[in-house]
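> Throw the hints in and build the complete structure from the sequences for me.
Chain by chain, the residues run as shown.
2 protein chains.
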Amino acid sequence: MGTGSSGSAPRPRSRRPLPEVSVLRVGHRPGRDPRLTTHLALAARALGATRLYLNPPDEAIRERLAKVTADWGGTFSVVPSPEWRSVVRSHDGPVVHLTMYGLPLDPLLPKLRRAPRVLIVVGGAKVPADLYGLATHNVAIGHQPHSEVAALAVILDRIRGPPGPERFRGARRRVVPTARGKRVRRGGRVPP
Amino acid sequence: MGTGSSGSAPRPRSRRPLPEVSVLRVGHRPGRDPRLTTHLALAARALGATRLYLNPPDEAIRERLAKVTADWGGTFSVVPSPEWRSVVRSHDGPVVHLTMYGLPLDPLLPKLRRAPRVLIVVGGAKVPADLYGLATHNVAIGHQPHSEVAALAVILDRIRGPPGPERFRGARRRVVPTARGKRVRRGGRVPP
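Protein sequences, first through last, are from chains A and B. Throughout the first sequence, residue numbering follows the numbering used here, covering 1342 to 1533 in sequence. Throughout the second sequence, residue numbering follows the numbering used here, covering 1342 to 1533 in sequence.
Any given hint could be a false lead.
If chains are identical, the list can't say which one is meant, so a pair holds when it fits in one copy or spans any two.
[What the hints assert, rightly or not] 30 Å max Cα-Cα, derived DSS-like pairs, lysine-lysine: (1) Lys1523 with Lys1467; (2) Lys1523 with Lys1452; (3) Lys1408 with Lys1452; (4) Lys1523 with Lys1408; (5) Lys1467 with Lys1452.
Just so you know, the hints here were simulated from the structure itself, not pulled from any lab data.
Here is the structure:
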């Protein structure tokens, strides 16, 4: 109780700054995947990622997330990425490709938590074969058919833990946590 | 190192048996949500839930998951649930409704891990107002607009940790974890 790692909260608690995490979605299908990629982007933002590189670009999703960030705070952005390979190659730090065929996450976690910048790559329906070679690590969140949204959520939660309110500065709306029902406080910058 | 909780693996490690977790999806829209609810079901299965109560029922999703379970093992099932309230009322244990308006998860975790059976309720686009009252706990995985797939993944990972291979007995296919590429072993019951 009150002594650092409480036992009840299974998350990283080092004093070292948490890594900056970017997410790259490869092979988004603008016509078919709008809701799924929106969920991926919302999960990335809510769990503390800094940005989502979106390949191929999708202006509707970029705008939707820009609106969420304007309302709910923080600096998360969707970066249109016509060339996913150049995002991977120019990343300065470990590149973690999530795949059910990869190695388990746990042994890698301490290293990822020490990295200043981590890029997590999430494939779509078809994953380009060279991604397995370009990634620093091919990592599985369980070796079962899965949801990429769920796998991303688990790895973000394990690397960074739940983001604090400082992650969402400048919000126009804030939830007031409550046992029953919904409470939202409006305020701060420019009320809607 | 080697003394119980290793520090690198942020997950529950008690000797007590893990709770049996069921998931209830309320307000699925069979025409609109097939991929999203499929992801929800896959995430529930891959992260160790026992079943998904699906309201309203959707035969296509039930069949898809039955096929995944036949191929990849275990006993996960999708249970058609025309009456979600009776699923909640007849559940013998804590009912946790995931909502961005709820209270934080962490203080509740030790209690949930001690429960024999936990029901996690995931709303769709519109959540019936009485759900907030019928649930034992309204819980937020972060107070930000989110993905229900991501929120479910985080709470399952925190309550149960990653499922071991004993969770997926009788599989026809198994991944052989590998650093690069894909390896799947076929075998066991009835080869395809």
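> Quick check: which numbered hints come out false for this structure?
Of the numbered hints, just 3 does not hold.
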